[in-house]
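We have chain A already, so just place chains B, C, D, E and F on it with the hints.
Protein chains in written order, with my numbering: chain A, 70 to 200; chain B, 70 to 200; chain C, 70 to 200; chain D, 70 to 200; chain E, 70 to 200; chain F, 70 to 200.
Worth flagging that the hints you see were computed from the coordinates, not collected in a lab. Treat each hint with caution, since some may be false.
To be verified - Just so you have them, the derived chain E footprint on chain A, three or more residues with Cβ under 8 angstroms:
1. 93-107
2. 144-155
3. 177-183
Ideal Cβ positions, reconstructed from N, Cα and C, are used throughout, including at glycine.
Protein chains: 6
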Amino acid sequence: MSSPAASARLVEYDQAPEEVRAVFDDIKRTRNVPEVNNFRKALARHPDTLRRTWSTLKEVMAPGAIDARRKEMLSLAVSLANGCASCVASHERAARKEGMTEAMDAELLAIVAQACETNVLAEAYPVPLDG
Amino acid sequence: MSSPAASARLVEYDQAPEEVRAVFDDIKRTRNVPEVNNFRKALARHPDTLRRTWSTLKEVMAPGAIDARRKEMLSLAVSLANGCASCVASHERAARKEGMTEAMDAELLAIVAQACETNVLAEAYPVPLDG
Amino acid sequence: MSSPAASARLVEYDQAPEEVRAVFDDIKRTRNVPEVNNFRKALARHPDTLRRTWSTLKEVMAPGAIDARRKEMLSLAVSLANGCASCVASHERAARKEGMTEAMDAELLAIVAQACETNVLAEAYPVPLDG
Amino acid sequence: MSSPAASARLVEYDQAPEEVRAVFDDIKRTRNVPEVNNFRKALARHPDTLRRTWSTLKEVMAPGAIDARRKEMLSLAVSLANGCASCVASHERAARKEGMTEAMDAELLAIVAQACETNVLAEAYPVPLDG
Amino acid sequence: MSSPAASARLVEYDQAPEEVRAVFDDIKRTRNVPEVNNFRKALARHPDTLRRTWSTLKEVMAPGAIDARRKEMLSLAVSLANGCASCVASHERAARKEGMTEAMDAELLAIVAQACETNVLAEAYPVPLDG
Amino acid sequence: MSSPAASARLVEYDQAPEEVRAVFDDIKRTRNVPEVNNFRKALARHPDTLRRTWSTLKEVMAPGAIDARRKEMLSLAVSLANGCASCVASHERAARKEGMTEAMDAELLAIVAQACETNVLAEAYPVPLDG
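Looking at chain A on its own, in the form it has when it is part of the complex (with noise of 0.2 angstroms):
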């Protein structure tokens, strides 16, 4: 996209009602940050959306059968492929943080770049699945 929306109004902890409070409180404990980041105070004018969102992220993010960093760089190929350069940039760090090199990720993104070429010509040339 090329003409941005004119930014979306921020909500800053110290006029956020309790709900969002709670939320950016948990979610400064959980990541050990001292401060949510601007797509979070975005969505706390929703504080529905905030709660929720947050928590399905916190769940589904947490280390379990793969561990962090793997989440972090699936999350970053979905964004890759969804092209959402925002959350792109977001993951990419984050997944840094949690070890993926540079190599991996110059690997992540040719993969990303090949499965999408590749899901085009499969959906174009329809065949049988392979028993």
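Then chains B, C, D, E and F, alone, in the frame of chain A:
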């Protein structure tokens, strides 16, 4: 999609021109399979595209800074985001063969769905990038 | 898409673990239906994803500032834009049950198609936002 | 997108050919505004496209079985799903003018994000349609 | 997509209202075919949408600065990028009738796949536009 | 997209490793330009991806059954459908250099917009393929 086109014509090894056979042989050797899959047989109608895409795939998917299992999982995540059901089926099978467990598969899917939701919200809320 | 993957495995109530049954029961109660649909039975392979997506859906689709019919119509519009045919079929049925008439359905479809056309043109023609 | 192309050239009323002026006049009359927006001025480089898209828009967005507010809200939902930020900004403003409240806006956004997540999951889990 | 909705209801000429018959007659005359295709019969449930989309299609696809063959090939390329398999099948047939050869078809497909890959990389690497 | 990531780091010829210089030299020779564009300089951070994508581009875009102008126009159409503004700007410039007139550009845009609208309608109305 709902009204699938008639299936693409498949090029079988026996009727394939020399250059297609060379790619088919390389695929079978590299993947250690007795037969190439239907998608490659369909691409074989266009020998240049078959050769080029196989060459890229072989290079991109070879284990490097990222191992084979994680490369398949990244391809699976992108195919899910792109909504390519045949690609999903194919990469899911390959990732399983490389050791992706049912639990990893479940977590991967949750991450993809979560990222797609967040990508939309991030596009909707343009904010200044965090410093 | 044209080469549908083999159908996902469905989890029936009788074989479902306790946590899945609890969600199935809540779905049936909330929607007043005798049986959950196949999509939820497929999600049930991943109990956490089933629980989380149902909880989000229940909260998001509950009548609020927007009534149930308009919420279904918005979901239908998005599913159309995303090209998800099974989602379209499901939301169309739900919107009809909530009172969407054939005429509304026709107007909705015309709006979605028109918006998709305009979105492409707007991306192609970057202009300064109007004051 | 992140490297916006140079802005499209805008056609101002004074320099516009007769057929473009006729469309501009109709837009101003229909919407009761003193000036057409920049997007229409950019489309005016291609008078046929300007005329055709305006004619479609005028017909599709006229209140019918669905009222003006809900039509703008549907356009907003589709623009969000398509990630067109300038379209989002424009339809959000229009929907507000037609009476969409902050609370409705928040619920609409939550529905769009939720639908995008579910669409991906539904594509990933092909199931037989429910009877 | 993998769980196709039940087929849309088709409106046959004999049961069609007057305004639909007029469009059907114009399609048959313009394309010199004995019968409209199923897609138009489905659109006919919404006579206004049928009329409007046919009118746009007729105007947009008429040979002008770009000839009929290249117009069909452009439509085919877009349908491939959008992953609409029934559209691909339909435009491929039309482009063939207008003289697109097997070799052109192969090159077109390679360009679409290559562009989809590059589009993703370009979104990932925001750079200042070249002077 | 609206919050562009900080610009990608560009690799200039003077600091580039041998393998990158070789590709840069080939690009300059093939396109007869004094300097590679910023996108290639950004890709150069990942020399393998630079080499592979340039090699594919060079092969795919070489005049064959389709001439250079029509190849650029197809790439432009796909970039429009994918909403990649920097790709649109770049392919539009290239297509103009190959002889695409203002009138052709206008018709191309109208076709892309029309196809995107029809693709959505076709996904919404699954019909049996015509015989």
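Results for each hint:
1. Using a Cβ-Cβ cut-off of 8 angstroms, 0 residues of the region 93-107 of chain A lie near chain E, which falls short of the minimum of three, so the contact claim is violated.
2. Against chain E, the region 144-155 of chain A contributes 4 residues with a C-beta closer than 8 angstroms to a partner C-beta. That satisfies the three-residue criterion, and the hint holds.
3. Requiring three or more residues with a Cβ within less than 8 angstroms of a Cβ of chain E, the coverage given for the region 177-183 of chain A holds, as 4 such residues are present.
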